[in-house]
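Using the sequences and the hints given, assemble the complete structure.
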Amino acid sequence: MSLEVVAVGPSVLVQDRGRPGWAHLGVPRSGALDGPAAALANRLVGNAPDDACLEVLLGGLALTSDEGVWVAVTGARCALEVDGRPAGFGEAARLTPGSVLRLGRPETGLRSYLAVAGGIAVDPVLGSRSTDTLGRVGPPAVAVGDRLPMGRPAGPPAAVDTPRPPATGPLRVTPGPRADRVAGDALDLLCRTTYAVSPDSDRVGLRLVGDALPLAVRDELPSEGMVLGAVQVPPDGRPVVFLADHPTTGGYPVVAVVDERDLWQCAQLRPGEPVGFTRSR
Amino acid sequence: MHLLPVGHNAVLVEVASPAEAVSLATWARDRSLAVDVVPGARTVLLDGVVDADGVAGVLATWRPSAVEPGPLVEIPVTYDGPDLEDVASRWGCDVDGVVARHLATEFTAAFCGFSPGFAYLAGLDVEVPRLDTPRTRVPAGSVALADRWCGVYPTATPGGWRVIGRTQARLWDARREPPALLAPGTRVRFVAG
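Residue numbers (my numbering), protein chains in the order written: chain E, 1 to 281; chain B, 1 to 193.
Don't take every hint at face value.
As the list claims (entries may be wrong) - Restraint ranges, calculated between C-beta atoms of paired labels, are given here:
#1 Arg270/E / Pro69/B: 45 to 55 Å
#2 Arg105/E / Pro69/B: 50 to 60 Å
#3 Glu4/E / Pro69/B: 23 to 33 Å
#4 Val67/B / Pro235/E: 27 to 37 Å
#5 His8/B / Arg164/E: 16 to 26 Å
#6 Pro235/E / Arg137/B: 23 to 33 Å
#7 Gly193/B / Thr194/E: 35 to 45 Å
#8 Val67/B / Glu91/E: 52 to 62 Å
#9 Gly57/B / Pro234/E: 27 to 37 Å
#10 Glu260/E / Ser17/B: 25 to 35 Å
#11 Pro76/B / Thr194/E: 34 to 44 Å
#12 Gly184/E / Leu131/B: 46 to 56 Å
#13 His8/B / Arg270/E: 23 to 33 Å
#14 Gly237/E / His8/B: 19 to 29 Å
It is worth saying that the hints were derived from the structure and are not from the lab. Beta carbons are placed, not taken as given, at the ideal position from N, Cα and C, and that holds for glycine.
Right, dumping it as structure tokens:
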């Protein structure tokens with residue numbers, strides 16, 4: 001049982017819920033950047049939450065299966081075709097042997113998630129099938145010609161109540177451990193500024209352009225552990241929100257932390273789109 | 001010991017030294033206080049804290065004390081790095097002097113970062129500044145110095161540390177148990193080889 005990859009777009013990666021617990025050895029947690037979307041795709045095809053799916057950046061993926069299999073695509077809404085005929089987004093669809101599923105380019109958002117019943121069954125590394133783009137742990141990026149093994153489906157997909165997508169809004173933040181490194185109230189300044197997503201954003205971090213946060217102390221800190229969602233301020237004052245492939249330790253001050261519930265938005269924000277912050281309550 | 005909040009389910013603990021950080025991290029890991037226990041140079045991050053309300057009370061019972069010495073790993077080094085003479089001139093000695101000082105030092109892995117299996121080894125009592133322009137590719141196994149740290153590159157990566165030698169030792173293998181040769185707390189001796 002395998003999927004054969006016919007075409008890829010800018011990036012297709014195997015992702016599950018990542019490999020927490022190895023940060024002390026310098027291993028990023030990795031995992032699907034839009035967690036709720038990946039979880040929904042798994043639910044739609046009857047998978048367990050830990051099963052691996054494909055994280056597809058800006059569409060372009062085409063693949064075929066050697067067996068009939070249930071599939072579902074969630075996340076950034078894109079056109080789907082099976083052998084040239086439109087297929088439903090955000091619902092389970094049956095892929096017959098030899099037919100070709102194609103994901104178009106989303107009009108909004110960045111990352112779509114394709115789950116197959118049984119999950120993508122590449123060998124796990126340190127307990128996860130996720131590709132970590134920073135430390136190069138886990139499988140390589142998916143490429144044309146790859147045959148991706150599939151696990152055994154648990155059973156036919158159950159009828160699933162598809163929840164509404166979570167609401168977008170300013171990213172909720174709490175004060176970070178080094179908020180006092182900013183001249184003034186770090187959270188006030190952060191919440192009063194509208195930033196734009198920089199084109200060099202990736203799975204490591206959402207890089208922001210806009211008014212620089214004034215740093216009262218510019219010296220680097222002794223390296224310290226970093227968390228998912230950390231808002232780190234390098235010497236140029238432009239904040240970076242750490243995402244799943246973030247380095248495990250760093251020396252630039254963390255002045256705020258984005259609430260985990262809002263991190264999925266960071267997975268879907270396009271370069272140039274506005275980003276705001278608000279105090280978490 | 002000083003606690004700093006980091007979001008809803010993590011806490012950063014400031015301590016006095018890298019040795020205390022290793023000691024506290026080992027203590028916290030033994031008690032499964034968090035999913036990730038990450039020592040830094042002067043801190044320990046507890047991320048994914050199991051009991052967010054109770055963790056401060058538990059941490060208050062920790063006392064810095066003499067740490068059980070970690071396992072000792074010997075790493076054979078060929079001292080022929082491109083920055084060896086540069087380090088010698090900064091230390092006011094010859095190349096043999098740099099090698100002798102490196103061989104005589106017992107290092108301890110204080111924390112990891114930068115790339116999987118890259119340990120910051122404490123023990124030097126002299127400094128080495130980083131390169132002004134990092135190299136775009138430092139080969140795997142390069143033994144290098146920066147500030148008062150020594151490190152061995154587990155994989156070929158860009159890097160700004162001054163390279164004094166190389167080793168064949170495998171620093172990182174995700175399919176080995178344990179995957180990192182130098183986990184925090186490990187003692188390290190370099191041997192000429």
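query = Can the suggested window of 35 to 45 Å be confirmed for the beta-carbon pair Gly193/B and Thr194/E?
reply = At 58 Å between Cβs, range violated.
task = Mind checking the hinted window 34 to 44 Å against the Cβ distance between Pro76/B and Thr194/E?
result = 56 Å, violated
key: Distance restraint evaluation - Glu4/E, Pro69/B, Cβ atoms, bounds 23 to 33 Å   = Violated - the Cβ-Cβ distance for Glu4/E and Pro69/B, about 53 Å, lies outside 23 to 33 Å.
query = Cβ-Cβ distance between Gly57/B and Pro234/E: within 27 to 37 Å?
reply = 35 Å, holds
key: Range agreement (Cβ of Glu91/E with Cβ of Val67/B, hint 52 to 62 Å)   = Roughly 56 Å apart at Cβ, these two residues keep to the hinted range, so it holds.
Range agreement (Cβ of Pro235/E with Cβ of Val67/B, hint 27 to 37 Å) = Holds, since Val67/B and Pro235/E (Cβ atoms, about 35 Å apart) stay within the stated range.
query = Is the gap between the beta carbons of His8/B and Arg164/E within 16 to 26 Å?
reply = 24 Å, holds
ask   = In this structure, is the beta-carbon distance linking Arg270/E and Pro69/B contained in 45 to 55 Å?
value = Between Arg270/E and Pro69/B, where Cβ atoms are some 52 Å apart, the hint holds.
task = Note whether the CB distance of Gly184/E and Leu131/B lies within 46 to 56 Å or breaks it.
result = 35 Å, violated
task = Take the C-beta atom of Glu260/E and the C-beta atom of Ser17/B, compute their distance, and say whether it sits inside 25 to 35 Å.
result = 32 Å, holds
request  = Just tell me: holds or violated, for the beta carbon distance of Pro235/E and Arg137/B against 23 to 33 Å?
outcome  = Because 25 Å falls inside the window, the suggested range holds.
message = Given a hint of 19 to 29 Å, does the C-beta separation of Gly237/E and His8/B actually sit inside it?
response = 26 Å, holds
Checked against the numbered hints above, the structure breaks hints 3, 7, 11 and 12 and satisfies the rest.
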